[in-house]
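Trainee: Now for the letters of each chain:
Protein chains: 10
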Amino acid sequence: MSLIGKEITPFTAQAFREGDDFIEVTEEDLKGQWSVVCFYPADFSFVCPTELEDLQNQYANLQELGVEVYSVSTDSHFVHKAWHDHSDAISKITYTMIGDPSHEISRNFDVLIEEKGMADRGTFIIDPDGVIQAAEINADGIGRDASTLIDKIKAAQYVRNNPGEVCPAKWEEGKETLKPSLDLVGKI
Amino acid sequence: MSLIGKEITPFTAQAFREGDDFIEVTEEDLKGQWSVVCFYPADFSFVCPTELEDLQNQYANLQELGVEVYSVSTDSHFVHKAWHDHSDAISKITYTMIGDPSHEISRNFDVLIEEKGMADRGTFIIDPDGVIQAAEINADGIGRDASTLIDKIKAAQYVRNNPGEVCPAKWEEGKETLKPSLDLVGKI
Amino acid sequence: MSLIGKEITPFTAQAFREGDDFIEVTEEDLKGQWSVVCFYPADFSFVCPTELEDLQNQYANLQELGVEVYSVSTDSHFVHKAWHDHSDAISKITYTMIGDPSHEISRNFDVLIEEKGMADRGTFIIDPDGVIQAAEINADGIGRDASTLIDKIKAAQYVRNNPGEVCPAKWEEGKETLKPSLDLVGKI
Amino acid sequence: MSLIGKEITPFTAQAFREGDDFIEVTEEDLKGQWSVVCFYPADFSFVCPTELEDLQNQYANLQELGVEVYSVSTDSHFVHKAWHDHSDAISKITYTMIGDPSHEISRNFDVLIEEKGMADRGTFIIDPDGVIQAAEINADGIGRDASTLIDKIKAAQYVRNNPGEVCPAKWEEGKETLKPSLDLVGKI
Amino acid sequence: MSLIGKEITPFTAQAFREGDDFIEVTEEDLKGQWSVVCFYPADFSFVCPTELEDLQNQYANLQELGVEVYSVSTDSHFVHKAWHDHSDAISKITYTMIGDPSHEISRNFDVLIEEKGMADRGTFIIDPDGVIQAAEINADGIGRDASTLIDKIKAAQYVRNNPGEVCPAKWEEGKETLKPSLDLVGKI
Amino acid sequence: MSLIGKEITPFTAQAFREGDDFIEVTEEDLKGQWSVVCFYPADFSFVCPTELEDLQNQYANLQELGVEVYSVSTDSHFVHKAWHDHSDAISKITYTMIGDPSHEISRNFDVLIEEKGMADRGTFIIDPDGVIQAAEINADGIGRDASTLIDKIKAAQYVRNNPGEVCPAKWEEGKETLKPSLDLVGKI
Amino acid sequence: MSLIGKEITPFTAQAFREGDDFIEVTEEDLKGQWSVVCFYPADFSFVCPTELEDLQNQYANLQELGVEVYSVSTDSHFVHKAWHDHSDAISKITYTMIGDPSHEISRNFDVLIEEKGMADRGTFIIDPDGVIQAAEINADGIGRDASTLIDKIKAAQYVRNNPGEVCPAKWEEGKETLKPSLDLVGKI
Amino acid sequence: MSLIGKEITPFTAQAFREGDDFIEVTEEDLKGQWSVVCFYPADFSFVCPTELEDLQNQYANLQELGVEVYSVSTDSHFVHKAWHDHSDAISKITYTMIGDPSHEISRNFDVLIEEKGMADRGTFIIDPDGVIQAAEINADGIGRDASTLIDKIKAAQYVRNNPGEVCPAKWEEGKETLKPSLDLVGKI
Amino acid sequence: MSLIGKEITPFTAQAFREGDDFIEVTEEDLKGQWSVVCFYPADFSFVCPTELEDLQNQYANLQELGVEVYSVSTDSHFVHKAWHDHSDAISKITYTMIGDPSHEISRNFDVLIEEKGMADRGTFIIDPDGVIQAAEINADGIGRDASTLIDKIKAAQYVRNNPGEVCPAKWEEGKETLKPSLDLVGKI
Amino acid sequence: MSLIGKEITPFTAQAFREGDDFIEVTEEDLKGQWSVVCFYPADFSFVCPTELEDLQNQYANLQELGVEVYSVSTDSHFVHKAWHDHSDAISKITYTMIGDPSHEISRNFDVLIEEKGMADRGTFIIDPDGVIQAAEINADGIGRDASTLIDKIKAAQYVRNNPGEVCPAKWEEGKETLKPSLDLVGKI
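Those protein sequence lines, which keep their order, are chains S, U, C, G, V, E, P, Z, B and L.
Reading the first sequence from the start, the letters are residues 1 to 188 in my numbering.
Reading the second sequence from the start, the letters are residues 189 to 376 in my numbering.
Reading the third sequence from the start, the letters are residues 377 to 564 in my numbering.
Reading the fourth sequence from the start, the letters are residues 565 to 752 in my numbering.
Reading the fifth sequence from the start, the letters are residues 753 to 940 in my numbering.
Reading the sixth sequence from the start, the letters are residues 941 to 1128 in my numbering.
Reading the seventh sequence from the start, the letters are residues 1129 to 1316 in my numbering.
Reading the eighth sequence from the start, the letters are residues 1317 to 1504 in my numbering.
Reading the ninth sequence from the start, the letters are residues 1505 to 1692 in my numbering.
Reading the tenth sequence from the start, the letters are residues 1693 to 1880 in my numbering.
There may be inaccurate statements among the hints.
Stated by the list, open to error - A short, non-exhaustive set of chain S residues, derived as facing chain B with CB atoms under 8 Å:
1. 44
2. 75
3. 79
4. 81
5. 84
6. 103
Unchecked claim - Once the Cα atoms are required to be at most 27 Å apart in a straight line, the calculated BS3-like pairs of lysine-lysine come out as:
7. P:1134 - P:1307
8. U:304 - S:6
9. C:382 - G:739
10. Z:1486 - Z:1470
11. P:1134 - E:1056
12. V:906 - V:758
13. P:1307 - Z:1432
14. U:280 - S:92
15. P:1244 - Z:1495
16. V:844 - E:1056
17. V:906 - V:927
18. L:1808 - B:1596
19. G:739 - C:468
20. G:680 - G:718
21. B:1658 - B:1510
22. V:758 - E:1115
23. E:1119 - V:922
24. B:1510 - L:1808
25. V:927 - E:1115
26. P:1220 - Z:1432
27. B:1620 - S:116
28. S:170 - S:154
29. C:530 - G:734
30. C:382 - G:718
31. V:844 - E:1110
32. V:868 - E:1094
33. S:6 - U:194
34. S:170 - U:367
35. E:1094 - V:922
Simulated from the structure, these hints should not be mistaken for laboratory data.
Please read these numbers as outputs of a predicted model, since none were measured by experiment.
Ideal placement from N, C-alpha and C gives every residue a C-beta, glycine not left out.
Next comes chain S alone, as it looks inside the complex (with noise of 0.2 Å):
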C-alpha cells in the first residue's frame, strides 16, 4: 500500500535554517499545522536548486495557507550551510533544510535509492494530524513545479475543514465541491 494516509514514522534530524543556527527537526515539528516535505537528490547539483528555488517562490503563499515547509536530501546540514553561502538559487531559501546523512528519513518515506544513497525527487503533503495526504514522485532529471501544490493543499484543507464533501478534479478554491450521497451515484 502506499504511504497516503499513514501517518510519518518518527525521526530526528539536524536541519539548516537561515538566520538560525544548526536545528534538530523531528516529527513531531511537522505535525500541528500543514507540511510540506520536499526530497530531492543531493546538494550543489543540477536540477535540484532550481526546484528548491522555485519551491522558495511559493513558501510565502505556502505559509498564509499555515503549511511549513521542508526540504530534505541525504547531505549533511553542513552542506546544507555551504550550499546556502555559496549558491544564488539556494542563498534565498528561508525553509529549514534537514540533512537526511544518515538515511533514516529518505527509508520513512520510501524514497532511497539504496545504491544511490540518494532520494528520489519526492514531494509529501502531510496534515496537522502527521498523515501524509499527497504524493509526488519524480524520476532524476524530470523537475517539480511547486505552484501545483497550492491547489492540492487547498482542496486538502477544504476537505478536512468540511467532513462530508469532496473536491473535483482540476478543482480551485472557490469553485463547487461535491457532496457525496445516494442519489449522486452515476449521476456525474
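Following the hints, position chains U, C, G, V, E, P, Z, B and L against chain S.
Mentor: Same frame as chain S, now just chains U, C, G, V, E, P, Z, B and L:
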C-alpha cells in the same frame, strides 16, 4: 524504495474500450509507447468521474505526444461498460478502462488499500521500456489535474531523447535545459 | 471440513438497500433471525440478474418464515446502487445488496476465486446463532433455483424447533419426520 | 476457494454394487461420463436411507442423461452390503455404494467431520473431465431432494455443449439461454 | 517403547450394548475394574464374528474375575446394532461394542492401519488403574483364542495382589509362584 | 500403527548357540523360514528362565513346522553363555540366544523399556519374508505360554499357503477355515 | 572439555554387594568420601576379571585412605551376582558392583561405546564433593594397574588438604611438595 | 563416547625441538610410529616441569619401543624455546615441544579448559594408525608418573601384534596373555 | 578479528579529483601500488579540513614512496567539488576525494557510525595486493597526524621487500632491522 | 562499526606487575582514569620487546597525564614473569602485563587472529568511563611509536574537559583548538 525507475510487473486483465468488445490487456501493451496509468477508487462514485473526464480532455494532446492512456479501478470490465453507458462524464471516455477485481495491478503499483479493496488516486507515467518515470498519489477526496501530465511527459521525453541534459523545475517545452558538468556544481 | 456447522466469521461491509441510504452490515446483523446469503460473480453480468430476480420472487415467502436475505458480490455498494438504477431485473430487488470489494466476506465463506477476484455462485442458509446450516455452490454458467430454499429452511427450522427429530429426504412442511432411536436402526 | 472448478483428487476405495462382487473404485471411474457423488453420515442411521432411496428414484433419469451415481459414507463395503441386505429402502439401490473407512475421499471433498469420523450430507456434480461443477451440503438432520439434480445437470451439460451460452436461474431444458455479449451488459 | 505399563489415553465414544440404548463410553469406564479391550477390523466381515463369539463364551468367566469386556472396530454404533440384529454369532454378545469411526481409540492403542481405516486384531488387558498389562496382536486372517485371556488375567491379578511375587511361564491359578530374591539368581 | 505387517528392521548382533562358538546373527537369518523371536528382561532373573525353558519344550514341535527360535535380552552373549553353563533350566536350551547390549533389536521391535535398559516380555512370529505376523507382549511378572504359539503359527502358515481363506477364532489344524465372499457377509 | 573438574551427573542404579541384598546406588553415595569408579566392558569376558581382582587387591589400602570403590558395566545387577557366584576371581570382590543396563552412568562418564552398548575401560577418581579429579581410559585389550591409583589419590588428597601446594610428577606420600609462588616461576 | 578408538583430528602447529630450528608438526607426524602426546597447563608453572622432566627420563626407553614423544601446552613455540633456555629441568628435554596458542590441538583432544585457555594434564598413547589407544587425565595439582606408560605401550603393542590375545591387568612384557574363547567365559 | 591482513572488499564510487572531471573509483584502483585511505565524518565540518590539509602536505612525500592517497566521506562527489571550490584548506588538495553517500565503503572498512550516517576518523594503509597493513581510528574531536604515516609505510615496505626481517618499534628508514631466528628468542 | 565510542566489554584476567605478586585485573580497573591497552602477538618474540620497551619509556609521561598502561598478549602471566626475568628490554617494564591465554580480551577488542591464537599489534586509548577513544593497529612486522600516544591523549583529554571545542590535525597541547559553530562552516 519507491517504484520510480522500476519496470512494471506482469499482469493480465479484462478491459472495456468504447467501440471494441471487451479486450484483454497485459503489461506488454504498456510498452513500446509512453503510457499514463490512472488509478481511482470506484466506478459510480464521486470525485472519480470528474478526474476521468479531465483526463479524457487531455487524451488528444497526450496521443499527439505518443502517449496511450489507461484508467484502472478494482471494478470489473462489466461495471466499466455500465458506467460508460449511464454516466454523462464517463460516456465521453475513449481510452481503455481496465478492470482489476483481483487487485493484481493495484497491488503491483502499490496503491491498493487492502481493507477497502479499492485503489488510491495514483497516476503513473511509464516510458516505452515499461519503466515508471513519475508517480502522483492523492488521498481520497482530493482530485488530480491532468494538465500537469503534459509538461511532465514532455520533460521525461526530452531527457530520454537528449541523454546528458536535465530539465529544471517548471520546465516547459522549448525552454532551456541544463547540461550537468563539473563546472556547473554550485553555480546554480 | 466444510463450513456446515461453523459459525460465520466477523466482517464489516457497505451495502445498498432500496429506500435506505448506504448502510453498514456486519456478521451481527445475520444473527437473531434466519438468513440467506447469496453470492454471485459480478454486477452487470449475465446469469446473475436472473438469479437475483428469482431470489426476489421468493423474498416475501422467506420473510414470512422469518428469513432475511443478503446478496453479495465483490462489486462495491456504489455499483449495486447503479445496477439497481439501470437494470429492469435488479430494480425490483428490495433485500440488502452487500458490496465486498475487499474480498473479505467471499474469502470467509470460501467462495472467492482468487485469480478472478469474483465469488462462486454460492448460497448459504444461516440459523439465528450465525451457524451455517446448508450450502449450495454452482459453477459459473449454471443458475440456481431459489424455490428450493423454502423447503430446506422449513426443514432446518423444524429440526431446530423439535430437538430429537430429523427430516427425511424431500421432506415438506406437514409431512412426517423421523425420531431417531435404537429401534429405528436398519428399519428404514 | 471452494472445490467448484477443481479436478477431483485421486483415491482408491472398495465398493458394493448389487449383482457384482465387491469392486474397486478410483477417481478414474468418475471420468469419461458425468457423475453424481452423494456423501451421507452413516449406514443404518435415519435420514440417510430416505435420501439414498430418493436418489435411486432418480437413477434411471440420471442414467438417461449419461450420469453415473456413487454414494459414499465412512462405513466399509461390508457394511454397505449388509445394509443392502437388511433395509427395505436400501435394498432397492442399484448404483455403486463406496466405502470410505480410511476417510480419504471424504477429506478430499472437504466434507469429513473429523471429530465424528463421518461425512457431511454433501452432493457433488462432476463433469466428464473429473471437474466439480456443483456442490450442495446440508447440516445433519436436513434431507436433500434428488430431483433438483436433474435440472442442474441439464444446465451444466448445456453450458458444456454450447460454449458461449449460459443458463439463467430456474432454467429448464428447452428454455431460452443467454449469450453473454457487450450489449447485454446491464440489459437484464 | 510398547504400550505395556502405560496408562490409556482419554477418549469418548458411542457404543452399543444389548438391552441398553446407545451409550457413551470414556476411558474412565475402563478404570476401577479389570478390562479387556478387543479390537477387530470390520463388522460384517469374516474372522471377526468368530472371535467375538469366542470372547462372549468367556464373558461369564471374565466377569467372575471382575473383568469387563469391550470390543472396538472403526464401524459406528449404528452398525454394531445392525450386526447384532442380523448375525447369529453377534446376536449372542452381551458385552459393550464400541464404535470408533473417528479412529481415535484405535490410534491411541497403536492398532490403526491408516491406509485401510481399520484396526489390527489386538487384545489388551487393562488393570483397575487403566494401565495396560498385556497385549496380543495378530495379522489379519489369524484368529485369537479368548481362553488364553483367563490365565493371563489371573496371573496379572495375582501379581497385583501379591507384590513381590511373580508368575512363571504357563502359570495357572493355584500353582506355585516365585518370590524374586538374591538367592534365587541363577538358581532356576 | 503396530508392527504387525511390517518387515523387520536390519540389525547385527552377537549370539550364543549351544555347540557353536559365538555367532553373528542379522535380520537376514530371520528370513527364508518362519521365526519366533522371544524378548525377555534379564538373564539370571526370575520369570525369564521358566519362559525360556517352556519355549525350549516347544522347540522340536516348532522346528517340525519349519520355525526357527531366537531369544533376545539386552544381556551380552558372554552372559548368555554363562547362564547356560550355570542354570538348570537354561542349560537345556538349544535355540539361539541373541545378546542385545546396544538395545538395537529391542528398540526395533518397540519393546525397550528405556529407563531400565531391558526389554518387555514380547514374542513375535515372523514369516519367511521377514514380516511380523503376530505379537504378544506381557507386563513384567506375567509369564507367557509357548504352547499357544503352535496354533497361531499353523494358522498363519495355512493362510499364507491358502490365499483367499482365513482361520476363525480358536482354529486348529484340520478344522474348517473360511473363504471370505460377498455371500458370507453378515452370515456368520 | 574433559570431565576433569566436573561434578558427576545424577544417576540411579541397582547394584550387587556381597553380603547385602541388591542395593540402589545414586550419585549421592559417591559424595562425602573419596570414590573410585571403575568401568569395564562386560561381565563373563576376559580382561575384565583380572582388572577387577587387581582392584580388589587394593581395596583394603584404598579403604584405609577413606576411598570407596565401585565397578560399573552395562550388565545388570543380576548378572553381577551370578558372576560373583561362579568366577573365582570375581567371588573375592567385596566392593559394590553397579549394573548399568540403561547405559545412563556410562554415558554420563563419556565412556559408552554406543554401537556395542558396552563401556570403555575407564577409571575415575572422585573427591568428596563429587568432582572428578582424575581419569584413565584404555582401549579394549589393555589392562589397567590398580596400584597406580594409590599414589594418585594420595596426591589428590594432599592437594585438597593443603591448599596452595601441588604435587610434582612421581610424587609419593612423604615426599616434598611444591608451593607455587611468583619466585618459583622458571626456577624448576 | 571417549576418544579411545578414535583417529586423531588433523592439525598444524609450530614446535620447538632442541638442536632444530622451529619446526612445523601435523597429525601426519604422529602416524607411522607409536606416539605419546603429553598435555600440560602452562610453561613456567609448577608441577609441569617435574612432569616433563620425568617424561624425558623415560624418553630413551620409549624410543627403544619405537615411540615418539610430544609435549603440548597452549604456550607458543617461542615460549617453549625460552623455557628450555632458562629452566634446569626443561633444558634436558630432547623431545618435541608443540605450541598450541590457537587451542586447536587441545580442543581436538578434549582437554582444553575454555575459561582458562589452558590444557588439562592429559597423556595419550597413539598407535601407528593415529588411533588413540589410552588416555590419562589428572586435575591440576596432581602429577603423572611417566613410568606407567612403558607397560601400557608394551601391552598395546603386544595386542596389536598378536590379534586374538589380550593382556590382563598388571600385565608386563613376557607374562602370559589371554586368548579369548567360548570356553574361557566365566572361567577367570 | 580486525581488518588487518584482510583484502579490501570490492566497491564502486564517484570521486572528485582536481583537474579531472568526476571519476569512478573501484577497489581495483587501490591495487598495484601502496594506498592510504583516509575517512573523515563530514565535508564543511571542523576538524576535517585541518586533517585533510595535513595529509596534502605529506602527499608529495607519499607519492615519492609510490603511495596513492584517497580521502572518503559519506558526502557526494558534488559536495567534494564544492568544498574544494570554497575552502582555503581543501582547495589545495590534489589527491582523489571519494564520495560515499551509499555508505558502502565506510561499511566495508568498518568505520560507519550507522545512526549518524558518517564515518569515524580512520586511516588505512593498503599494500599493492589490496591487503590492509595498518589502521588508525580516532574518536570525533581528535585530529590525526599524517606525518606518522611516512614511517609506518616505510616499515611496511621494508618488511614486504625483505621477507624474514621485521622493523622494531620507532624504526626509521636506514635504522637496523631484526632478523627473527631461534637464537634471538628472549635475547632482546 | 569500529570500537571507537564503545564501552569496553567485561573481562577477568591474571597479570604480572613488577614488585607485586600475580594480580587479577578486570575491566573495572581500566575505569576511573585514562588507560592505554597495548596488544602484541607473543612474548619472547622479536618486534614485541622493542615496542614494549618504547612504551615503558613513555610510561612516566603517561602517568603524569593520569594514564595507566596495560600490555596484553595471549601468553600466560607465568610467561610474562619469566620474560621479565630474562629479557633486558622487558625487565625494565613497570606497568601491568596482562595474560590472556583464554583469548577473551583479545576477542573483546577485535584483535585476535583466530588461526594463530595471537593478537594483532593494536593500541587502544580508553577514557575514564571505559569508552575507547582511539585505536591503532599494525600488521605483524611493523612496530608502533609510543610517543604519538602522548599527543593523542592530550587532545582527547582536552576535548573531554572542554565540551564544545575540537582539536585540529597535528594539535599539540597549548595550540589553539576549534569551537565548531555555524559561522565556521566552510571557513577552514
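Trainee: Output the numbers, in ascending order, of every earlier hint that fails for this structure.
Mentor: 5, 9, 14, 16, 18, 20, 22, 23, 25, 26, 30, 34
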